[in-house]
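Colleague: Residue strings, one per chain:
There are 2 protein chains.
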Amino acid sequence: MTKNKLNQGAIPGVDAAPDDVRDFIETAYPADLAAWLEEMPHEQMHEQLLALPLPRRAETFSHLEMDVEVELARQLERSDLAEIVTRMHADDRADLFNELTPQEQQLLLRGLAQEERDDIRRLSAYAEETAGAIMTSDYATLAADMTAHEAIELLRRVAPEKETIYRSYVLDPDRCLIGSIQLHKLILAAPDMRIDAIMNAAPVSVALDDDQEDVARMIAHYDLLAVPVVDADGRLVGIVTHDDAADAMQAETTEDFHKLATVSPFSQSVLKASIGVLYKKRVFWLSLLVFGNLFSGAGIAYFEETILAYVSLVFFLPLLIDSSGNAGSQSATLMVRALATGDVVMKDWRDLILRELLIALALGATMALVVFPLGLMRGGPEIAFVVGLTMVLVVMVGSLVGLSLPFLLNKFGLDPATASGPLVTTISDVVGVLVYFSIATTVLSL
Amino acid sequence: MTKNKLNQGAIPGVDAAPDDVRDFIETAYPADLAAWLEEMPHEQMHEQLLALPLPRRAETFSHLEMDVEVELARQLERSDLAEIVTRMHADDRADLFNELTPQEQQLLLRGLAQEERDDIRRLSAYAEETAGAIMTSDYATLAADMTAHEAIELLRRVAPEKETIYRSYVLDPDRCLIGSIQLHKLILAAPDMRIDAIMNAAPVSVALDDDQEDVARMIAHYDLLAVPVVDADGRLVGIVTHDDAADAMQAETTEDFHKLATVSPFSQSVLKASIGVLYKKRVFWLSLLVFGNLFSGAGIAYFEETILAYVSLVFFLPLLIDSSGNAGSQSATLMVRALATGDVVMKDWRDLILRELLIALALGATMALVVFPLGLMRGGPEIAFVVGLTMVLVVMVGSLVGLSLPFLLNKFGLDPATASGPLVTTISDVVGVLVYFSIATTVLSL
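So the protein lines, in turn, are chains A and B.
Oh and the first sequence: position 406 is 406 in the working numbering, straight run, nothing missing.
Oh and the second sequence: position 103 is 103 in the working numbering, straight run, nothing missing.
Hints were generated in silico from the structure; no laboratory data involved.
Note that this is a predicted model, so its numbers are computed, not measured.
Pairwise CB distance ranges (calculated): (1) A:369 / B:268: 21 to 29 Å; (2) A:23 / B:110: 49 to 57 Å; (3) A:150 / B:144: 28 to 36 Å; (4) A:235 / B:21: 25 to 33 Å; (5) B:110 / A:271: 49 to 57 Å; (6) A:264 / B:176: 47 to 55 Å; (7) B:53 / A:17: 53 to 61 Å; (8) A:23 / B:125: 31 to 39 Å; (9) B:439 / A:355: 39 to 47 Å; (10) A:280 / B:118: 53 to 61 Å; (11) B:194 / A:197: 31 to 39 Å; (12) A:369 / B:118: 48 to 56 Å.
Selected chain A positions facing chain B (Cβ under 10 Å, derived; list incomplete): (13) 28; (14) 32; (15) 166; (16) 330; (17) 420.
Footprint (simulated), chain A over chain B, 3 or more residues, beta carbon under 8 Å: (18) 176-190; (19) 199-207; (20) 304-310; (21) 326-335; (22) 361-371; (23) 424-434.
C-beta atoms are modelled at their ideal positions from N, C-alpha and C, and glycine is treated no differently.
Between the sequences and the hints, there should be enough to build the whole structure, so can you do that?
Modeller: If you want it as structure tokens, here you go:
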């Protein structure tokens with residue numbers, strides 16, 4: 001990450017000249033229009049939204065923050081809302097629908113035509129975070145026996161309704177996906193060429209219940225604009241576009257960041273989340289780790305005699321347990337991220353373990369060298385030896401725990417990102433305390 | 001992140017039937033062809049690559065891992081390499097060029113036509129991680145006074161060479177960007193319509209030295225396929241496509257993950273990185289934090305008398321300093337990620353501080369309640385009181401440090417992600433030790 005600077009279009013302020021505002025309304029990107037509306041008091045937002053010409057009105061509405069969208073949906077006249085919802089992209093309106101109460105959903109559906117009603121019901125039924133949940137039904141389809149000319153004529157007619165016509169999908173009479181073709185190939189082809197002679201006959205596709213992260217990875221891997229979604233019988237049921245996949249990937253990545261710091265997933269903006277929400281998302285792991293830390297307390301209690309005899313051992317306690325936890329956090333984060341990007345897969349674990357042992361040995365030895373003179377200074381040669389040896393061992397233990405935990409969690413079907421720094425630190429602490437005072441007790445012949 | 005599963009196309013194994021292999025070579029996506037080649041011994045890879053038909057050969061070559069690409073580039077005959085490089089996308093070949101030694105660069109340039117030579121020299125000259133470094137020169141341009149029909153005819157001729165023709169850029173005679181138009185608008189327009197009557201006359205654009213992360217954010221914000229890059233005079237010099245922006249964003253995000261765990265940025269795959277590289281990327285912060293931890297050691301030494309009088313205080317030391325560090329890591333990670341996605345900007349800091357204080361108070365109080373009975377059990381009511389009170393205070397201190405550090409770093413032009421968990425933990429430790437033993441000394445009237 002580099003220095004923060006979001007470069008947005010020029011959004012007119014409250015004191016802008018009427019001409020500038022009119023210009024802005026006519027030419028601005030929907031994303032900028034939405035940002036402009038969100039700055040207004042609610043009543044004015046309502047009014048300005050309805051003043052926009054219809055296709056722009058629906059697109060701008062889709063770009064509002066979800067909570068603003070929901071609030072507006074509640075305030076708008078039923079006919080005004082129906083007009084907007086009918087023009088929205090299929091996936092965006094299904095998202096809105098899922099945020100409404102059952103009564104509001106019924107009211108909304110009653111205002112719509114049968115086709116939109118069925119579409120919303122279908123799209124809103126898929127499990128969250130799957131291909132089905134983020135796909136849209138705005139795609140163009142062709143038959144294999146059309147000519148390039150017929151195909152272009154068809155796309156001309158349906159284009160305004162479709163989210164992307166740059167790739168059309170070729171279906172057989174049972175609606176099974178048998179090919180795909182890019183718009184520029186149609187334009188370049190001889191007009192009487194048959195579609196099945198020029199289409200890509202082996203298009204990649206995903207299943208309805210495929211995880212959204214896998215879908216996003218596939219789009220990135222093949223540099224696609226969209227990937228088709230098929231049901232169990234191979235019938236085309238939707239497409240996931242690259243921008244929706246990127247949004248899903250960003251949300252998943254944010255979740256990984258939060259989990260690595262023991263913050264439970266939440267979908268709101270961190271800026272708008274209430275104190276209660278943030279408290280709830282943070283308190284679980286913090287409190288749980290209190291119990292984990294009690295084992296280290298018990299370990300220390302067991303070595304009470306050693307501590308009373310050599311109180312200088314305590315000086316190095318925070319340093320040793322932190323170093324172990326820090327090395328472990330490094331390993332855990334490297335693995336969690338590599339598993340998320342697909343850089344590392346499960347079978348790599350064996351190869352990585354040996355390498356990790358050698359890296360951790362080198363890291364531990366370096367840190368032991370750094371801490372040795374300080375041990376000499378504060379506790380004498382014996383303490384320095386105990387601290388140095390402990391450092392090597394706890395850095396190795398921490399690294400191995402950090403490296404292995406994400407794989408273990410993944411193996412048991414859990415999210416590798418649960419292998420958070422704090423969890424690794426807590427485990428390393430318990431081991432670290434036992435190692436430290438055991439070595440001390442032995443070396444100092446207590 | 002969910003359970004790891006990369007869904008790739010079916011890549012034939014070493015024992016696949018020759019017919020299946022032939023089928024695969026003819027129909028597979030270049031990304032899959034590249035993955036297939038990478039499984040082979042070097043000589044065979046070389047041979048199979050040259051057996052691919054030319055446009056697919058260049059695309060497949062571009063999809064190889066960069067180190068494989070460089071190695072192959074060194075082994076290929078100069079004429080074979082020139083043939084491939086000429087057909088590569090402008091941005092991909094500039095990336096390869098930047099990985100070669102100066103001698104190899106000269107050799108490569110000598111094999112190319114003047115046009116490609118100039119293009120490579122120009123693209124490879126821009127600073128890393130800027131729009132200039134990830135842009136490509138494969139875009140289509142139109143003049144404002146063309147008709148829609150003329151424009152489509154022009155695109156038909158130039159299309160095979162261009163990375164994306166779905167949006168063309170409209171230039172004035174000085175090559176200044178004055179508009180953009182999507183392919184489907186051209187197709188839908190009346191054939192004699194002038195371009196300047198139907199183009200978007202206010203397209204967003206980025207500057208050559210804009211940060212690649214800002215470019216990726218802009219593409220996501222406006223749901224673009226590509227964003228044009230202009231020089232200081234407004235002349236179009238390239239475009240950044242959505243897939244290259246997504247790759248850049250993924251690299252930046254990985255860097256953030258690593259930095260948050262004190263691993264210095266590195267560009268290789270974690271699987272292929274050598275022991276030496278990983279050691280170097282991890283040792284700096286680990287060793288530096290050893291020094292940080294010495295302050296907590298000095299703090300403990302100062303309170304030696306208190307410890308000797310109440311050794312049970314030591315039992316709770318790992319718990320208290322870990323809790324402070326964990327709460328701090330949570331806050332730091334929430335802020336680092338929110339700053340990276342643009343969810344939070346600098347001016348939000350003031351509002352967030354007050355909320356954070358209240359959240360941390362609630363978290364600290366909860367954790368104090370959890371730890372209080374354990375304090376009673378192991379040390380009696382006075383120790384329990386000291387531990388509980390310390391818990392509230394250190395969780396608040398940790399949270400405030402974690403929240404503020406990313407903003408402070410950003411303010412001084414540094415990367416907020418440097419506010420790693422371990423750094424926050426180390427700072428919180430020092431404060432925690434002082435708070436803990438100060439309270440103990442006062443309450444226990446030592």
